[in-house]
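**Student:** Please put together the full structure from these sequences, using the hints given.
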Amino acid sequence: MADHAEHHDDHENEISHVASVKTLVGTGGTLLLLTILTVAATKIDFGANINLAIAMVIAVTKATLVILFFMHLRYDRLFHTVVFVSAICAASLFVGFTLMDSSQYQHTNIWHPSEPPAAPVGPRPTG
Amino acid sequence: MSGGHDDHGGHGDQSPFIQHHYDDAQHQFDSGKFGIWLFLAQEVLFFSALFVAYVLYRVHHGEIYSYAHKWLDVKYGAINTAVLIFSSLTAAWAVRAAQKNQKGLLIACLAVTCACAFGFLTIKYIEYSHKVHEHILFGRYFDPCVSPGGEELLTKKNLCPGSKGSVVWDEGSAKPTEGCFEASKLDLDTRLAGVQADCEVTLVKVDETGKELGPASPASVTNRCPDELLAILNGEHDTAAGTGKELVKEAAPKFPCWRPAYQPAVCPDLTTPEQRTHGAGGKPQVGILVEFGDHEEREDIKVKAKCKDATAPKPLDALAVSHETQSEHLGQAAIHPAHVVTTHEEHEIESLGPPPEHTSMFLTIYFAMTGLHGIHVFVGIVVFIWLLIRAIKGQFTPDYFGPIDFAALYWHIVDLIWIFLFPLLYLIH
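Same order as they appear, the protein sequences are chains L and F. Just so we're aligned, residue 361 is where the first sequence starts under the numbering used here, counting upward by one. Just so we're aligned, residue 4 is where the second sequence starts under the numbering used here, counting upward by one.
Bear in mind the hints are in silico, worked out from the structure with no lab data behind them. Where hints are given, some of them may not hold.
[To be verified] What follows is a set of in silico ranges between Cβ atoms, one per label pair, in the way DEER data are often shown: (1) L:V385 - F:A56: 49 to 55 Å; (2) L:Q464 - F:G122: 40 to 46 Å; (3) L:E372 - F:P19: 17 to 23 Å.
Glycine included, C-beta positions come from ideal geometry on N, C-alpha and C.
**Tutor:** This is the structure we're talking about:
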């Protein structure tokens, strides 16, 4: 956005924010370092859950860097952030709610035709 | 944009690509950008369905993930992560170049991004083709030739083509090619057509001249499915023939016929259903699994098969094993493997055993997630080629670079999804 661009050292473009070379290379380099870090972290055994947590923290950090700097969201309209964060919240709810009730499912029983399930217990529904 | 509206386009100070229904370049850009952000939000939701499948399965069947992820090569995953991050950098740089009217730099950035996308798909192709070759696939196509540790598995159909299957004998030319023995040459247990030959296989160390130096480790492989269980699992018998003993179905393991390397096995001739059975003119064939992994040097171990019957396999080939066969009595035949294994390689083999039940689900999820992601990469290639052509034509200007920006945003979301897929699929501890 034009009014944001003035706050930045690169303001050659009047339509949209121009990312500086320093920002781009810095972000790219950090992402590569974090990739090396996440691979290295799996070589060390902290226990399955902690290893998973470390990998996810690094992945979220990387994702945040991509969104803020490569995708310019830091300099973009607030409304775009609202749109995108809403989508991430919806996705998190989707995953979270599925996990919450995942233990409520019974195991699927596939009955063989020759061994039908036993008759249900209780009174037969009338009507 | 200073932008007065220019209906003629192409001259004045405004890009000819500014559509007349927008107030100015800023208006057009903002509209497009809002559109692409809505699309990206949709993409997040789109992929979240697959992440739900992933998480749910991982919660319930963690053992599948810790077993099957070893089929995936961290090296390829990490290289692809780096390739995508680098291409994200060049995509972001392309936007900057377009904003600053640096045409040459813009073309270079777009070309590098496109090349990286090709590189990503090439690496994916290498990974996928390896899995197709080894039958490490989704759903009912899951019938792996090797365990994640590189150990040979006897597959349900024993159809591992070429490399990993059986020693291969051509009955006509009496030479090993890559298939199997003809079953009639072996002491087959006819109850178990299509399943098992009664051979014991040993490994012998040999020197360069083929001289035997003694048993190699493992000296012999006796570990295999009990005949009775195999018969039941193949739905052929409820009692073990000859023993009269009633067998309990529950005794059958869930994945019955995963057997280690060197296990003789019948390769069914699958031309017609009739040919799969004895006596119908078919030729069920026998092969011996010999190859570990995907390696090159297999010089100093020889595989020998010793079968039950004196009339058993007499490899008729005239290859390197002929001196072997003549010195042995009829019941024992030296099998010249299509490949033999070096002792060095044996240490690389991690014994992980057969896959746990439902392992195919990991591969289903893997192929669904990486496949959908791969389709996105392919779409990215098409888009970047289109942008490259337009950039070469000089159609992008500091007041008209929306397509570059929007394509770059799309490309970043592709990168973003891979940032999660990589640790979730490849880096399971």
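**Student:** Now tell me, hint by hint, if it's right for this structure.
**Tutor:** Okay, the hints, checked on the actual structure:
Take V385 (chain L) and A56 (chain F): their Cβ atoms lie about 37 Å apart, and the range 49 to 55 Å is violated. Here the CB-CB span from Q464 (chain L) to G122 (chain F) is close to 45 Å, well matched to the stated 40 to 46 Å. Look at E372 (chain L) against P19 (chain F): about 21 Å separates their beta carbons, and that is inside 17 to 23 Å.
Checked against the numbered hints listed earlier, the structure breaks hint 1 alone; every other hint is satisfied.
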